[in-house]
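Protein chains in written order, with our numbering: chain A, 1395 to 1794; chain B, 884 to 1046.
Calculated from the structure, these hints are not laboratory results. Be aware that a few hints might be false.
Stated by the list, open to error - Listed below are several chain A residues computed to face chain B (Cβ distance under 7 Å; list not exhaustive):
id : residue
1  : F1541
2  : S1545
3  : F1552
4  : W1556
5  : I1571
6  : C1636
Everything numeric in this text was worked out from a predicted model, so none of it was measured. C-beta: ideal position from N, C-alpha, C; glycine also.
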Amino acid sequence: MSKDNIPLWSPEHLPLLPQRLVEMILANLGAPEWLVSISGFMVAASTVLAVFMTAFALLSLIERKTLARAQNRIGPNRAGWFGILQPVADGIKMLTKEDIVPARAVKLLHLLAPILIVLPAILALGVIPYGREWTPVPLELGLLFFFAVGSMTELSVFMAGWASGSKFPMLGAMRAISQMVSYELPLIITALGVVMVSGTLSLPEIVQQQGGGFWHWNVCTPWGIVAGLLFYVCTIAEANRCPFDLPEGESEIVAGHMTEYSGFKYALFFMGEYLGLFAIAGLFVTLFLGGWQAPLPGLGLVPTWLWFFGKLALVIFSYLWIRATFPRLRIDQLMRFAWLCMIPMALLTLPAAAIWHYMGRGPLSWMVVLPLVLVPWVLVAVIFNKRLAPATRTYRFADG
Amino acid sequence: MASLLILSPLVLLAALGAVWMARPVHAALLLALALALNAVLYLAMGADFIGLVQFAVYVGAVAVLIVFSLLITRQSDETEEIARRPKALVPGLLCTLPVLAVLLITASKVPAASDEAPALPLKKLGEILFTTHAPAVLAVAVLLTAVLIGAALFARETKPNDP
């Protein structure tokens, strides 16, 4: 990509503008090559951070507003019009709170944990292609990088839970780790199907291959709809969101591994959680919903990154909707669902994706692949509902 | 070269710490640090794929498993420390020395490192792994399956009263 013949102000390149400007200014000042490229990278990273920090602040408000609407309340409406200044008020409150470290805590690990929770989320955000021209770090092994970095979260959660030296954080950490390990398996296996069909680990390349209308998106293939659904459920579990929010279920174990944190460290946990949510939802959009590709051909005028963020907003809104609708699972239900339903189904998508890859797109492969995933899906659902569901409860006094 | 000089002492320090720490959790976390630094070492040497896999598998899976088993089996006594037994040195050395010998023999056979790392595209790597080295992959797969079945057998609760 040569930088000279691209219009600086076109809407498509708008997110790259800060990086370009800094690079141009530095180059004109006669700065050495390495300084220019490093500054460019840092500005690109700051752009992504700025975008998602704003989104984080907005989401914290939108989530409360949406939940309030779903529960027939008004929600925050005191700070600014429509409660728009609520995130600012929250931020000031968090920053001015006392930072409490429990006496029995392991000081160094207690301090490191919140930092190490935010770090992987930010790193993971760096490899996602947000637009045709806007991939902060276009790694060839982007998907692998995403999962490698994401796997660090479990250790940070453990550090937070263990270093706090108290019971609730410990229980929360145990729940969180077992849940993350269980749901990471189907998450990665379903992503593997996409890798098999695309033949690459590079996220921009995967998006590139889904171009030409929504029927080319991976979710619109027989294996893709199954893999996409599984992946979607796993993203909710990985982000520790309702109905999989047992690690921090308020009514059971206070706040899980974050119980002993206060002030800005607590805010860091929240930040890590929301940034991780953006990252994993962004990966879902990238792998299955066509990333920045427009849903219909002929919509070239709209900048591609708008499509990406539109899809991201829809996915995030669906999370909020689910949170407002579903009750929390119990830990044994959660684990049983992961190991007996999700993982077998995820494994089944692999041969389906392989057959799809070799037969190519067409009615014949639809006829072969669709039954291959649909029949076991129905079977597993039936078995899961009948044999493995907990026995019907009997109430001695209430039934009658 | 500079990265090697900076990183390898750090890896060694973390690994030594993992051995010498008195509390099991500290040892496990330092082990995770050593494994992560190893991944960074691979990345610094230009082996992107193996570095990321090292990170995902060892930091993401192995270290988490160790930590998790510590969580489950931990005694109520929080200050439990690992007892150091001088006698354990003998079996330890018996295990370590053959591994070290094999490593040294292999290292002596490999041609001296050139400045330019050979570029191996991921596709090529996959092809080699699943054609030339397919028997090894299959053997590992069988071994892992056996381990999994064994673990499931051990983990199965035996309730004599339950049907």
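Hints, verified against the model:
With 7 Å as the threshold, the beta carbon of F1541 of chain A comes within range of chain B, its nearest partner Cβ sitting at about 6 Å, so the hint holds. With a cut of 7 Å, the hint placing S1545 of chain A at the interface with chain B holds, because the nearest CB-to-CB distance is about 2 Å. Checking F1552 of chain A against chain B by beta carbon gives a least distance of about 5 Å; that is within 7 Å, so the hint holds. A distance limit of 7 Å between C-beta atoms decides the matter here; for W1556 of chain A the minimum to chain B is near 6 Å, and the interface restraint holds.
Taken as an interface hint, I1571 of chain A checks out: its beta carbon lies about 6 Å from the nearest beta carbon of chain B, inside 7 Å. Violation of the interface hint for C1636 of chain A is found here, the shortest Cβ-Cβ separation to chain B being roughly 24 Å, above the 7 Å cut-off.
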